[in-house]
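Protein chains in written order, with our numbering: chain A, 1 to 281; chain B, 1 to 215.
Derived by calculation from the structure, the hints in this document are not laboratory data.
There's no promise every hint is true.
The calculated label-pair distances, taken between Cβ atoms and stated as ranges, are [as the list claims (entries may be wrong)]:
no., chain 1, residue 1, chain 2, residue 2, range
1, B, Asn-108, A, Gly-10, 20 to 28 Å
2, B, Pro-179, A, Leu-178, 41 to 49 Å
3, A, Val-8, B, Leu-27, 36 to 44 Å
4, B, Arg-210, A, His-95, 32 to 40 Å
5, B, Gln-127, A, Ala-26, 22 to 30 Å
Just so you know, these numbers come straight off a predicted model, no measurement behind them.
From the three backbone atoms N, C-alpha and C, an ideal C-beta is built for every residue, glycine too.
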Amino acid sequence: MTAVLYDVPGPRARRRTLIGTVVGTAIVLAGLAVVLWQFERTGQFAADQWDPFTDPGIQRLLLRAILSTVAAAGTAILLSLILGVVLAAGRLSDHAALRIPSTLFVEFFRAIPLLLLILFLFLGFGDILGAFGALVLALTLYNGSVLSEIFRAGIAAVPRGQSEAAYALGLRKNKVMLIILVPQAVRIMLPAIVSQCVVALKDTALGFVIAYEELLRQGQLIYNNFFNVVPTIIVVAAIYITMNSALSALASYLQRRTSRTAKTSAADLTKVVASANRDLV
Amino acid sequence: MGALFDNLPKLLEGFLRTLELTALSALGALVLGTMLAAMRVSPVPSLRLAGAAYVNTVRNTPLVLVFAFVFFALPRLEIRFSFFQFAVLALSVYTAAFVCEAVRSGVNAIPTGQAEAARAVGMTFGQTLTTVVLPQAFRTVVPPLGNILIALTKNTSIAAAFANAEATDVFDGLVRDNPDAIYALFFGVALGYVLIVLAISGVFRIIESRVVVLR
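Using the sequences provided together with the hints, build the complete structure.
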């Protein structure tokens, strides 16, 4: 409920809302009906269109596709967490010789399309890397760069007094970072990290373009065989949406938990860090 | 290097197509996204539900899959357009979900007191919306919209895999013809994208500095 736009409704407003509800519901249902009718008219609900998915062989094919999607995404996420830490350390360094190259690296890989990078790696080094390697490496370079920005924003979001107090106690920069800033920052940026994992999992579908056997590519095998394009894409989409929704739900759970347990305004900081990530689209 | 400069006209044509895709999809996403945001902040539960369902579905779907649905499934449903129109459709439908969330959080970021004060001085719902809430929401929405536009520019590259001769597709074709020039071609095309991204973020920084109000 948005409290910004309207007060608690009185009798007249309630009547207006009721009329709006009836009209709105009618429009939404009419839209759905048109879609379903179009599906029915072109024979998408015919049993033979959906029959292949009851076949254990097809189910195993889809299961293997899920596994290879998760394998590519999981490997890429692990590697990009490592790369992200290295790049963030570089960008937060006091030495320009580390800071400037890390900054250029991050800005470059955030600015170019992921697909361009995937194609470059696949066409240039495909015989060494294979489709899996090219996909994972491209995902790692891109997501590592984005994660380093999240890490940087997370460290920067820890209140200044924390590091000032630590320096005042005589700790060195390494210690301040490791025992004061990072433990607090991790909690702040955890939701943003999980959200970025959703992006990485979604982007794994780009492996389709270089014929990596992720879900969509395997789906293509199915519909080339059974001529059931629409049902196959719906099934593949449902699998992707389920996996991503689960991760998204984890991200918002973490966000809620931070805002419930935190004494300070950690919830606001979480939002600040989340909004620092421009690459969620 | 030779292959890069010899094919400069081809590459520029590709980037022109990239910009066309970006501009038209941005327009489509802005219109659809604003409509969805209006649904999500409306007092009508069924519209709110439909808006939320759209956003949650699309946000969790990979863009390639949206493209696949538009290019492979829509023709089966007897809906046919040109490949370019299909690409604009896929990009608009996908980006609209993110525009919706940006606009919605912009409206929700307005302190409740603003609209309450407007109602207290007797403004109607329309007046409250157009003179008090939306002008302020617009300012909060500018930075995320800039980010969405940048992401959209990069996302247009996926149209390359679906028969659209934009910059990434031109890169793909040229590399297959001149495998030795892959580095020059990659950095040339990458530079093109970097310049577009820098231009967009520059323009949005100017807009931001004009409209931003400290709260």
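A quick look at each hint next to the structure:
Distance hint check for Asn-108(B) and Gly-10(A): the Cβ-Cβ separation is about 23 Å, which falls inside the suggested range of 20 to 28 Å. One distance hint, 41 to 49 Å for the beta-carbon pair Pro-179(B) and Leu-178(A), holds here, with the actual separation near 46 Å. Taking the beta carbon of each, Val-8(A) and Leu-27(B) are about 38 Å apart, inside 36 to 44 Å as hinted. The hint said 32 to 40 Å for the Cβ distance between Arg-210(B) and His-95(A), and at roughly 37 Å that hint holds.
Distance hint check for Gln-127(B) and Ala-26(A): the Cβ-Cβ separation is about 28 Å, which falls inside the suggested range of 22 to 30 Å.
Checked against the numbered hints above, the structure breaks none of them.
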